[in-house]
Amino acid sequence: MIDKARFPVPAEVKEELIKKYPSKVARKRTKQIVINHPDPESMPEIGANVRTVPGIITQRGCTYAGCKGVVLGPTRDILNITHGPIGCGFYSWLTRRNQTRPPEETDENFMTYCFSTDMQEDDIVFGGEKKLKQAVQEAFDIFHPKAIGIFSTCPVGLIGDDVHAVAREMKEKLGINVFGFSCEGYKGVSQSAGHHIANNQLFKHVIGNDDTPHPEKFKINLLGEYNIGGDAFVLEDLLERCGIKLVATFSGNSSYDAFANSHTADLNAIMCHRSINYVAEMMEEKYGIPWIKVNFIGAESSAKSLRKIAAYFEDAELMERVEQVIAEEMAKVEEVRSEIRSRCEGKTAMLFVGGSRAHHYQDLFREIGMKVVAAGYEFAHRDDYEGRRVLPNIKVDADSRNIEQLTVEPDPERYRPRKTEAERQRLKEQGFEFSDYEGMMSEMERESLVIDDISHYESEKLIEIYKPAVFCAGIKEKYAVQKMGVPCKQLHSYDYGGPYAGFEGAINFYKEIDRLVNSKIWGYIQAPWQKNPEITATYAVK
Amino acid sequence: MLLRHTPSEVKEREALVVNPAKTCQPIGAMYAALGIHGCLPHSHGSQGCCAYHRSTLTRHYKEPIMASTSSFTEGASVFGGQANLVEAINNIFTIYNPDVIAVHTTCLSETIGDDVPQIVSKAKDDGKIPDGKYVIHTSTPSYVGSHVTGFANMTKSMVNYFSESSGTEKDQLNIIPGWVEPSDMREIKRMTGMMGIKTVLFPDTSDVLDTPQTGKHHLFPKGGVTIPELRSTGDSRATIALGQFASGPAAEALDAKCKVPCQVLDLPIGLMATDRFVDALRKTAGVSVPDAITDERGRLVDLITDMHQYFYRKRVALFGDPDQLIAMTEFLVSLDMLPVHIVTGTPGQRFEQRIREILKHDVPQVNVRAAGDSFLLHQWIKSEPVDLLIGNTYGKYIARDEDIPFVRFGFPILDRVGHSLFPSVGYVGAMRLIEKFLYAFQDRQDRDALEEKFELVM
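As they're listed, the protein sequences go chains A and B. Per numbering that gives the first Met the number 0, the very first residue in the first sequence carries number 0; after that it's consecutive. Per numbering that gives the first Met the number 0, the very first residue in the second sequence carries number 0; after that it's consecutive.
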């Protein structure tokens with residue numbers, strides 16, 4: 000048993016977490032629960048992107064959710080049809096807070112709509128291609144979109160409907176871009192496979208379709224930013240003030256035209272590494288656009304990321320403007336930060352969320368003096384934990400092998416290396432990192448716990464043992480955590496608050512954490528008579 | 000405009016559903032299973048289904064929704080889900096130790112043809128199911144019916160697996176409450192309690208999905224119908240099932256299996272449906288209605304007479320689930336309102352027939368559609384505007400675009416609370432609904448009033 004009087008010993012905690020499991024499950028989970036060592040030489044290997052044990056109450060969702068919900072969801076002007084029974088389309092309808100801002104009242108915005116072929120028993124028995132074609136036709140006749148995406152659900156893969164053939168045929172017939180996604184829920188082991196499939200198709204069917212050049216000097220794309228709570232709106236404004244042209248955001252407040260034109264940018268800045276590194280890699284190979292990892296969650300991180308972008312362009316004027324913006328923003332941040340830090344300092348947090356959020360938000364907690372004692376991802380791969388240096392050592396298993404791997408070559412006309420080898424070398428010597436991500440573990444404290452695909456049972460144990468001041472997770476976890484008397488911050492939906500990106504976002508987040516960890520309500524859980532039952536009894540006798 | 004592309008002209012669609020007014024079977028099965036004490040619902044398919052259903056139920060009830068999944072990957076989809084389910088059963092009993100695992104299928108496991116009873120019996124043979132523990136199942140292909148069908152199927156499975164007839168009649172009634180909120184189930188129990196009737200209510204999500212904050216999370220909260228209670232349903236004097244779509248199949252199965260006579264009533268939403276419910280309870284249990292209940296009814300009637308001017312001939316559009324809509328339509332008519340556009344996503348001709356029957360004198364030209372969607376409803380509203388929209392949370396987009404007062408009612412309600420805490424059924428529930436309608440109309444009147452027309456007393 001854990002001695003509650005002293006700070007938990009990670010090795011004992013780990014033992015406690017897995018001791019109730021059947022031995023086969025324990026063997027598996029032991030690889031996915033590691034005690035952190037931040038140095039690359041002694042960093043432990045973590046089991047990740049492996050199957051969830053059947054029967055375990057998991058945080059994870061499916062490939063369809065990652066493809067349709069996450070990556071394509073926030074794009075307003077692609078009409079997305081879910082090919083399958085009604086559920087999948089229904090559940091992914093607006094639930095990821097897909098905020099978008101079409102420029103004009105008359106501009107396309109299909110995000111408030113849910114389109115489905117609502118397959119019935121007959122379609123499963125006799126095949127659903129005919130119905131899908133008809134659905135695409137009807138969607139075209141009513142809505143006249145410029146592009147239609149088709150998303151496969153589990154039964155579509157099983158009965159063998161060829162969504163790609165239907166897409167080709169309808170593209171030909173209607174004269175608009177129609178493309179399909181083989182994102183059946185059972186592919187892969189989590190949402191992650193869906194991100195990969197989404198990126199492949201965007202790359203094949205949309206990116207590079209529009210060569211219109213932009214006159215601006217500093218042009219970037221923001222990748223892996225999904226505009227939850229208006230994060231992308233904040234970043235659009237921030238970059239504009241710095242004089243940086245944002246060509247496309249993948250895919251927050253995004254549009255088809257911006258995707259199509261994104262290959263004209265000169266730099267890809269990646270927020271969520273897990274969901275989108277594929278696009279960055281492929282765009283570099285095909286068009287010569289370098290990519291860097293950034294993080295706009297947290298004030299310090301935002302400043303660092305802006306400086307990194309400016310450094311890439313090696314332009315004194317840009318660097319100066321960036322410094323100006325940082326100085327203006329930091330003054331506002333400091334005002335709030337110091338006050339909130341005085342109330343939050345020394346408290347503990349745990350984060351078990353998504354792709355990169357379990358990493359990025361640690362910076363925000365550090366800024367107000369809070370300590371992250373345990374963290375992990377819902378659907379990450381080893382490189383998200385241990386850094387990209389482990390990529391060559393990651394075993395490709397059957398669940399990854401069934402996802403298409405595109406072979407990408409330089410585009411004969413559009414390939415244009417943005418930096419010469421000499422320029423890259425010079426930047427590298429100044430400590431600039433291209434195409435790199437060091438992962439979450441290198442930035443977490445030694446002896447903190449890193450847990451992949453945490454189960455409900457393990458989170459309850461962790462909360463019991465550590466009693467963290469705040470636990471960050473998603474909607475499925477939220478109320479179970481709170482029933483234990485610990486506030487739970489949703490980091491997928493932000494509890495319908497936000498934005499949390501950039502400097503403005505950092506201020507919002509500090510305030511939100513202050514509210515959560517210092518709320519009076521957690522002190523009122525017990526009724527007065529439960530705290531002092533004997534006094535009541537004495538009174539009653541009198 | 001949020002739904003800027005919705006034209007008023009209706010073109011019949013054969014293949015494309017836009018803005019559905021239903022979702023799939025398994026989520027209904029999951030909700031019903033949560034109404035058994037000590038039960039862990041289990042989704043036999045890939046992870047996403049379970050995640051989506053848990054998320055939606057969580058957002059609606061603001062409570063932990065615990066359920067497990069068989070976590071299919073491609074291998075299981077090709078070779079069948081037997082290994083996954085057997086392993087899941089073993090893990091669930093070892094780690095979470097429920098009294099019952101309630102398995103429901105998904106479109107994936109249905110399409111590959113997994114035979115769940117056979118797999119469960121294999122698990123039993125392999126010693127994966129401890130003594131005194133149960134694994135029940137229901138078949139819920141997502142490409143048949145809707146979430147309401149899934150609820151009905153899981154409720155029917157409770158009868159199939161547990162109801163027993165010992166030959167000795169018990170002085171109790173079964174009540175199958177339909178897909179209503181925990182608050183409604185609590186209200187039904189309060190009313191039968193006031194009438195002195197012993198009942199078995201199944202499923203029963205009160206004290207499961209409206210649990211108090213205690214500082215402890217109970218994977219299996221204190222509420223829910225127990226296995227002994229479910230067994231005893233076969234000995235009950237009679238069954239009262241509320242809502243043909245959600246409760247009819249279980250009631251009929253119980254009648255067939257254990258010869259327990261059943262009456263299928265409408266959900267007791269509104270004055271007349273509650274009258275029929277109370278009267279049926281009185282006659283079936285052989286009790287008299289206490290004055291306290293008659294007084295509740297009287298207060299409702301009083302409220303209607305007092306505020307009638309705000310309701311008379313107001314035009315209403317509504318969408319939702321069939322049992323709810325049938326009862327609500329009748330309630331609106333009793334308030335002299337005019338339900339003019341009505342859509343349910345759940346298929347079934349009986350729905351349209353019932354609605355037309357209820358409205359034949361007041362709104363003979365009603366637009367009604369089963370297996371419709373809220374896009375169609377919106378188009379009807381554009382052509383023939385209404386004074387009030389009633390439906391689940393997704394209606395807020397239509398309400399904002401068309402500037403219509405909006406009352407949230409049905410499933411899911413993702414952006415407000417109260418539905419799981421305060422009842423809509425019974426006389427008390429009807430008063431609460433009236434309060435909502437009134438506030439919707441009066442807030443709009445205040446908002447739109449000219450300064451000289453702005454009234455203090457309304």
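I should point out that these hints are in silico values taken from the structure, not numbers from a laboratory. Keep in mind that a hint or two might mislead.
As the list claims (entries may be wrong) - Pairs of lysine-lysine, DSS-like flavour, derived with a Cα cap of 25 Å:
id	chain 1	residue 1	chain 2	residue 2
1	A	19	B	313
2	A	346	B	10
3	A	23	B	395
4	B	313	B	359
5	B	197	A	466
6	B	215	A	519
7	A	172	A	145
8	B	61	A	460
9	B	121	A	23
10	A	519	B	61
11	A	13	B	215
12	B	395	B	381
13	B	61	A	129
14	A	18	A	30
15	B	197	B	123
16	B	313	B	169
17	A	510	B	359
18	A	19	B	121
19	A	13	A	460
20	A	30	A	510
21	A	132	B	10
22	A	170	A	145
23	A	23	B	132
24	B	10	B	381
25	B	61	B	169
Give me the numbers of the hints this structure contradicts, sorted from smallest to largest. 1, 2, 3, 5, 13, 15, 16, 17, 20 and 25
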